[in-house]
Amino acid sequence: DVKVTQSSRYLVKRTGEKVFLECVQDMDHENMFWYRQDPGLGLRLIYFSYDVKMKEKGDIPEGYSVSREKKERFSLILESASTNQTSMYLCASSQAGTSGYEQYFGPGTRLTVT
Amino acid sequence: LAKTTQPISMDSYEGQEVNITCSHNNIATNDYITWYQQFPSQGPRFIIQGYKTKVTNEVASLFIPADRKSSTLSLPRVSLSDTAVYYCLVGDIRGTDKLIFGTGTRLQVFP
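Heads up: the protein sequence lines correspond to chains A and B, in order.
Position 74 of the first sequence, counting from 1, maps to 74 under our numbering, and the rest follow consecutively.
So the number in our numbering is just where the residue sits in the second sequence, counting from 1, plus 1000.
In case anyone wonders, no lab produced these hints; they're calculated from the structure.
All values derive from a computational prediction rather than experimental measurement.
The reader is advised that the hints may include incorrect statements.
As the list claims (entries may be wrong) - Using C-beta positions, here's what the derived DEER-type ranges look like:
id, chain 1, residue 1, chain 2, residue 2, range
1, A, T112, B, K1069, 39 to 45 Å
2, A, T112, B, R1106, 23 to 29 Å
3, A, G16, B, T1021, 20 to 26 Å
4, B, S1023, A, P39, 21 to 27 Å
5, B, S1041, A, K71, 27 to 33 Å
6, A, P61, B, T1103, 19 to 25 Å
7, A, A96, B, A1028, 15 to 21 Å
8, B, Q1042, A, R73, 17 to 23 Å
9, B, Y1013, A, E72, 41 to 47 Å
10, A, S65, B, R1045, 27 to 33 Å
11, B, M1010, A, T5, 19 to 25 Å
Where a beta carbon is used, it is the ideal one built from N, C-alpha and C, also for glycine.
Let the hints inform the model, and build the full structure from the sequences given.
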């Protein structure tokens, strides 16, 4: 079974703090993704990565950065957390090619910024 | 990017067949159609994927007409455990396109 794990289920941070969300997958997948999910807005793609050290912006990259130094790990960084970044953050991974449409998601991290 | 339109919500009863239609008028030649299911407090789960005609797996069927401007996810004989949000996605993950989840269809199954 593919396993995607996220470092925390719940996180509370203060405005202005630097926040790191970690994601690890154990299936040697090439692709990794970070989404945020908000009520009424569905899932929105923040960043994705097709390979180590490769990253591409999604639909809402502002205020976020990412790091992929190893194939199995994809980190989302909030440089200076703001209250409008309070959300559920979901990490996913998938194989390359047409198999990449099947993304495997982690359990999510519910981040609250106060 | 191909935009998708789905009903916001649907209701059904146990044992019925449920069909959720997704509209994607500007689908591109290389785009695939993918459906996901999401339960509360969980990440989405892949259900089925297709390019044209009909695809069937152990969970659902996906019907895609020749013009590919829409698709229909068919869930046979739903149960209470099928209550979830269903997302239709259109895109070509191999290119610069991305999979767009949208807001999905909330299916409520009643006993």
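Results of checking the hints against the structure:
1. A:T112 to B:K1069: 39 to 45 Å: Given range 39 to 45 Å: holds, Cβ gap about 41 Å.
2. A:T112 to B:R1106: 23 to 29 Å: About 24 Å separates the Cβ atoms of A:T112 and B:R1106, which means 23 to 29 Å holds.
3. A:G16 to B:T1021: 20 to 26 Å: 46 Å, violated
4. B:S1023 to A:P39: 21 to 27 Å: This hint holds: roughly 23 Å between Cβ atoms.
5. B:S1041 to A:K71: 27 to 33 Å: 28 Å, holds
6. A:P61 to B:T1103: 19 to 25 Å: 20 Å, holds
7. A:A96 to B:A1028: 15 to 21 Å: Holds - the Cβ-Cβ distance for A:A96 and B:A1028, about 20 Å, lies within 15 to 21 Å.
8. B:Q1042 to A:R73: 17 to 23 Å: 22 Å, holds
9. B:Y1013 to A:E72: 41 to 47 Å: About 44 Å separates the Cβ atoms of B:Y1013 and A:E72, which means 41 to 47 Å holds.
10. A:S65 to B:R1045: 27 to 33 Å: Holds, at about 28 Å.
11. B:M1010 to A:T5: 19 to 25 Å: Given a distance of about 33 Å, which is not inside 19 to 25 Å, the answer is violated.
Checked against the numbered hints above, the structure breaks hints 3, 11 and satisfies the rest.
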